[in-house]
Structures are given as structure tokens and as C-alpha cells.
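**Student:** The lines below spell out each chain.
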Amino acid sequence: MIELSVTDLAIAAVLVLLLALLSIRLRSNISQQLIIAATRTAVQLTLIGLVLKALFANANLGWVMLMALIMLLVAGREVMARQERRFKGWLGYAVGTISMFLSSFAVTVFALVVILGEDPWYTPQYAIPLLGMLLGNTMNGIAIAMDRLTHTAWEQRAVIEARLMLGERWDRAISDYRRQAIRSGMIPIINAMAAAGIVSLPGMMTGQILAGAAPVEAVKYQILIMFLISAGTGLGTLTAVSLGSKQLFDERQRLCLDRLRQP
Amino acid sequence: MSKTPPLLQINQLQRLMMGPLSLQVEAGDCLCISGPSGSGKSQLLRALADLDPHTGEACLQGVPASEIPAEVWRTRVGLLPPESVWWLPRVGDHFHGDLPVPLEHIGLSAAILAQPVAQLSSGEKQRLALMRLLSNHPQVLLLDEPTANLDPENTRRIEAVIDEYRRARQAVVIWVSHDQAQIARVADRYFAVSDGLLEETTIGGRQ
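Residue numbers (our numbering), protein chains in the order written: chain D, 290 to 552; chain H, 1140 to 1346.
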């Protein structure tokens, strides 16, 4: 494996700087955002590198759990922030976070214990990257699905209420929109699986190959990850949409759009 | 022998600006309500159908709404909103039960059931929405201006269908209307809304 020096990274940074200069010349206002984002990448990744280094040196369950919890809470906040008409109050945070906890954690622990079988099962070299990839993808699926669900419930409130008026149960009255929301949350991972290897070489596999792994081994890991991600995203999306659509109705099955925040 | 409770009983019902209202309606009665727009007539109907949170309670044959599952209550206390909503591609997809009367009675033909919803006129939608509601066999009909988009001929047809249904099933009809002549034709009792309360009034032209 070729080790990268600081100079190597500095050369790559020059490319970003050149792009920023070019966009100033073109009077595009993107240069400032570009520099800030690039700086954040460098700082955040350096910090996480140090954290992981410390964590790998002290592989005890408590530290791994703490790291996992922080990752979950940050992902929960991200899911909430990406929804235009999210639930007001603690619900807005809880629906996404609980769903991610149930799906990503369950799938990660399952993969660590049943498939990888490393001793101890929480070995951070495996546990943290795996959880990170699952959370990152589940987060996308849940955010898209919940945004779709709350958005459609708002837009189609007349239809939902008309169905209630005709004596349909709440779950039947919202069933079409629930299905659409689950579908839209699952589409990105389905597309990624369908295009993998033909249109795109997935990042993790590319990383392993660059790090010197045999291509076939890297491919096996990538397949495993893709399957885990689709299971996690599917489970998370289903959970979030089920919890969310139930919360759109009260105990008398009335559509409660006042529980959603106005954008 | 204990007296049978009225079909619909409203106890201290209150929703936003509307109420508190208390009212008893006997089976087979048609009750008309009129009042300026924004006076809370639609809010009252929505609260009766239990679509909005409210205080107080409505009872059907003495059983309070809270003791009846919401979807059963809404099947028995059917609300016809001013604008009908259609969510499936074809008209007929929205009908499950038997039609209460042949569609010819409301000036339509059975072929309309095979049509895409997008081809319906507003008057056709309004008439079909009533048929869709009646095919649920509600015991209480909450009608929010059911003839607002209709010409005089179709208005009479709809009035006849509602009247026939009410008599045949001894249903309660609560009918929001702005047309004094219509109220005189169909109402057993007439209420005007003022300050969120219902005021029982004599029906124009009769005592």
C-alpha cells in the first residue's frame, strides 16, 4: 500500500483551491462554500482518524458503545433536519432515531456476531466502519421516506379525510402514501445495487483495492455490505414509515396535521 | 317501559367557535341549518363525524361516540363535504356497496361508473358523491350543501333521493343549505347559526 504524505494531500488541496479561484473568476458564489466544506472534510476526518486510532488501541465495549451512540444521535439529528414538514417536538427526532437504532444496530450486531464472528464481536475495526456505513445509508432512506410521507399527507389531506369520512380505518386511508414513502426510501439502495460494478465501483471496495486487498476479496466485502445496507435501509424505512404514519392520527383516527411543523 | 333514546343526541358539543350545542334529533327527522359562511356550520358537521377534536359528545341511539370505533362511527354518521374527493382512476372503483337507487334517478347512466374520474363535471361529482355515501347505509347523513353545484332539475332529483332514503331507513338528516325555498321543501326543523349557537327558527312560509 502506498502511504500518503502531507505533501500528497497538499497537492490534492491545490486542485480544490484552483477550482475556488476559477469560480471566483466566473463570479459564481460557490467558492466560499467549497473552501469551508473542504476544510471541514480535512478537520473532521483527521479528528475521526485520531478517535478511531485511540478506540482501536482500547477495544472495550464501553468505548465502542459510546462511539456508536454518538454516531446514532448525530444521524438522528440529520434525519430530522432533512424533513421539510417533520413532526413537531421530540417526535420529530424520535421517529427517525428509533428507526435507525432498530435497523442499523440490529443489522450491524447480526453481521458482527453471525457473519464476521470476530473475537470479541465488538472489535472496533469491524464494528465502527460497518455501523457507519449502515447508519449513513439508513439515514438517507429514512429521511427520504419520512419527508415523502409527511409531505404527501399534507398535500393529500383531502383524500385521506374523504376516505376516513367513508368509514375507512386510518391505516387503509393512508396506505397508498405509506407505500409510496417506503418505495422512495428504498429506491436509492436498489439503484445502487443494480448499478454496482457496471456504472460505479463502490467506494468501500475501491478503498480496499487501493489499500492492497485482492479484488475478489474486496468484492465479497462489498456484496456483504450492499446486502446489509439494503436490509438495514428496508427495515429502518418500514419502521419509520409505520411509526410516522401512526403518529399522523390520534386515538379517534383523526388526521392530525397540526402535529407537523410548517416549513 | 323505558323510553328509547333519540337516534342522535348531541351533548354540549364544542369545537373552536362553535357551541356548546345540545340537541336531540329523532329518527327520520330532517334538520336544516343555515348561516353566514365562516359561522361554523362545517365545523359542526366535521365534529359530528368525529373528524376534528372537540369537547362534549354525540350519541347514536344512546351510545356515545367514544364507545364506538371511529371507523364504525363514521360509517354510521356519514359526512358529505362540499367538495367531493376521488382518488382512484375510475368512478366505479370508489363504490363498494349496492347503489341506493339506480343512477338514472339522479340523471346519470350506469355507464358513468366505467369513466375516468377526470372526465366528470362538478355536478356529476356532487351527485355521485352522495350515491357513494348512501351506499354505506349511514344512519345519520351530514350534508354540507349537497346541491350547491346543481341545476334546479338535478336539485329536485337529489332532494327526492335523500327524502326516499330518509323515509326508508328512518335516518336523521342534518342538511346545511342557503336556499330558503329548499329548506321549506325538505326541513322538519330549521336552525339558524348565530354566534356559534343554533337557534331554532320557524321555516319560511310555514308555522
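Please note that a few of the clues may not be correct.
[To be verified] Derived CB-CB ranges, DEER-like:
| # | chain 1 | residue 1 | chain 2 | residue 2 | range |
| --- | --- | --- | --- | --- | --- |
| 1 | D | S464 | H | E1339 | 39 to 45 Å |
| 2 | H | H1276 | D | I359 | 35 to 41 Å |
| 3 | H | A1249 | D | I476 | 53 to 59 Å |
| 4 | H | Q1153 | D | W379 | 26 to 32 Å |
| 5 | D | R446 | H | S1161 | 29 to 35 Å |
| 6 | D | I476 | H | E1165 | 26 to 32 Å |
| 7 | H | H1276 | D | R446 | 36 to 42 Å |
| 8 | H | E1339 | D | S531 | 45 to 51 Å |
| 9 | H | A1299 | D | S464 | 34 to 40 Å |
[Unchecked claim] Now the stretches of chain D that chain H is said to cover, found in silico as 3 or more residues with beta-carbon under 8 Å:
| # | region |
| --- | --- |
| 10 | 392-406 |
| 11 | 445-457 |
Since the hints were derived computationally from the structure, they do not count as laboratory data. The C-beta atom is built at its ideal place from N, Cα and C for all residues, glycine as well.
**Student:** Hint by hint, note whether the structure agrees.
**Tutor:** Tested hints:
Separation of S464/D from E1339/H is about 43 Å and conforms to the stated range, judged on CB atoms against 39 to 45 Å. As the Cβ distance of H1276/H to I359/D is approximately 58 Å, the hint placing it in 35 to 41 Å is violated. The given range of 53 to 59 Å is broken by A1249/H and I476/D, whose C-beta atoms sit roughly 41 Å from each other. Evaluation of the 26 to 32 Å hint for Q1153/H and W379/D yields a pass: the beta carbon distance comes to about 29 Å.
Range check, R446/D to S1161/H: about 30 Å between beta-carbon atoms, so the 29 to 35 Å window is met. As the Cβ distance of I476/D to E1165/H is approximately 56 Å, the hint placing it in 26 to 32 Å is violated. The hinted range of 36 to 42 Å is not satisfied by H1276/H and R446/D, whose Cβ atoms lie roughly 26 Å apart. In this structure the hint that E1339/H and S531/D lie 45 to 51 Å apart at CB holds, the actual value being about 48 Å.
Taken as a hint, the range 34 to 40 Å holds for the pair A1299/H and S464/D, whose Cβ atoms sit roughly 36 Å apart. Beta-carbon proximity to chain H at under 8 Å applies to 0 residues in the region 392-406 of chain D; the threshold of 3 is not reached and the given coverage is violated. For a cut-off of 8 Å, the count of residues in the region 445-457 of chain D with a CB near a CB of chain H stands at 11, and the three-residue condition holds.
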